[in-house]
Amino acid sequence: GDSVTQMEGPVTLSEEAFLTINCTYTATGYPSLFWYVQYPGEGLQLLLKATKADDKGSNKGFEATYRKETTSFHLEKGSVQVSDSAVYFCALQPQGGSEKLVFGKGTKLTVNP
Amino acid sequence: GAVVSQHPSWVICKSGTSVKIECRSLDFQATTMFWYRQFPKQSLMLMATSNEGSKATYEQGVEKDKFLINHASLTLSTLTVTSAHPEDSSFYICSASRSAKNSPLHFGNGTRLTVT
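Going line by line, the protein sequences match chains A and B.
The number in our numbering is simply the position in the first sequence, starting from 1, with 1 added.
The number in our numbering is simply the position in the second sequence, starting from 1, with 13 added.
Incorrect hints may appear among the rest.
In silico SDA-like links for lysine to any residue, alpha-carbon gap of 20 Å or less [to be verified]:
1) A:LYS61 / A:LYS101
2) A:LYS101 / B:GLU76
3) B:LYS54 / A:LYS61
4) A:LYS101 / B:SER56
5) A:LYS101 / B:GLU72
6) A:LYS101 / B:LEU59
7) A:LYS109 / B:THR44
Bear in mind the hints are in silico, worked out from the structure with no lab data behind them.
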């Protein structure tokens, strides 16, 4: 079945450091790919998405490129801030338009000043 | 602001009792809502798809009689954990999307259930 594998956390960085959170997926066809963020005490929020191969999603300085050849959707940010501390989830939506999402386990990021 | 409201945000109950969790779409109608369960250090697992006006669709391995879902209106779905046990302690999250195609999913803030 469809699955998402996300790098294990937690990740601790200093402010202004470069961030990469790896995400790979297993799915048939061309799923849509998402990154969600969960700030402490809050629900999940969509951070960015890509719906076809080679698409790049970006938002708030975060980027991720849909790589079909490596079945990856790694999240990157050039300079993290303390306010980026949260749990990040990679997710896929199977091809076909079903609203069901398959999530990775989440990666907790802590950014220290 | 939040477009999906979930209530309560946390609840503690005794074994054997039932707990109801509400999920409301605040400014849109949602014919479909989703209920997820999140274990510590685990991903969100889809439990069921809540369909307005009809029976919920449960994922494999989820007990229908244990987790009762009612979607009585276009803005409200409820999840009732019946005869709760400590192993039901978890974080439950709902999500909903507007009816338009390719509308994003909006998530509630989740409910932390602790069964003692």
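What's the verdict on A:LYS101 and B:GLU76, does the C-alpha distance respect the 20 Å limit or exceed it? Distance ~19 Å between A:LYS101 and B:GLU76 Cα, so the pair holds.
Pair hint A:LYS101 and B:LEU59, alpha-carbon separation not exceeding 20 Å: Holds, because 8 Å separates the two Cα atoms, which is no more than 20 Å.
Holds or violated: A:LYS61 to A:LYS101, with C-alpha atoms at most 20 Å apart: Violated, at roughly 25 Å.
Quickly compare the C-alpha distance for A:LYS109 and B:THR44 to 20 Å and report which way the hint goes. Violated - the C-alpha atoms of B:THR44 and A:LYS109 are around 33 Å apart, more than 20 Å.
With the threshold set at 20 Å, check whether the alpha-carbon distance from A:LYS101 to B:SER56 stays at or below it. Since the Cα atoms of A:LYS101 and B:SER56 sit roughly 14 Å apart, the hinted pair holds (cutoff 20 Å).
Pairwise hint evaluation, A:LYS61 against B:LYS54, where the allowed Cα distance is 20 Å at most: violated, 25 Å
Hey, A:LYS101 versus B:GLU72, does the alpha-carbon distance stay inside 20 Å? With Cα atoms ~11 Å apart, A:LYS101 and B:GLU72 stay inside 20 Å; holds.
Hint violations for this structure: numbers 1, 3, 7, all remaining hints satisfied.
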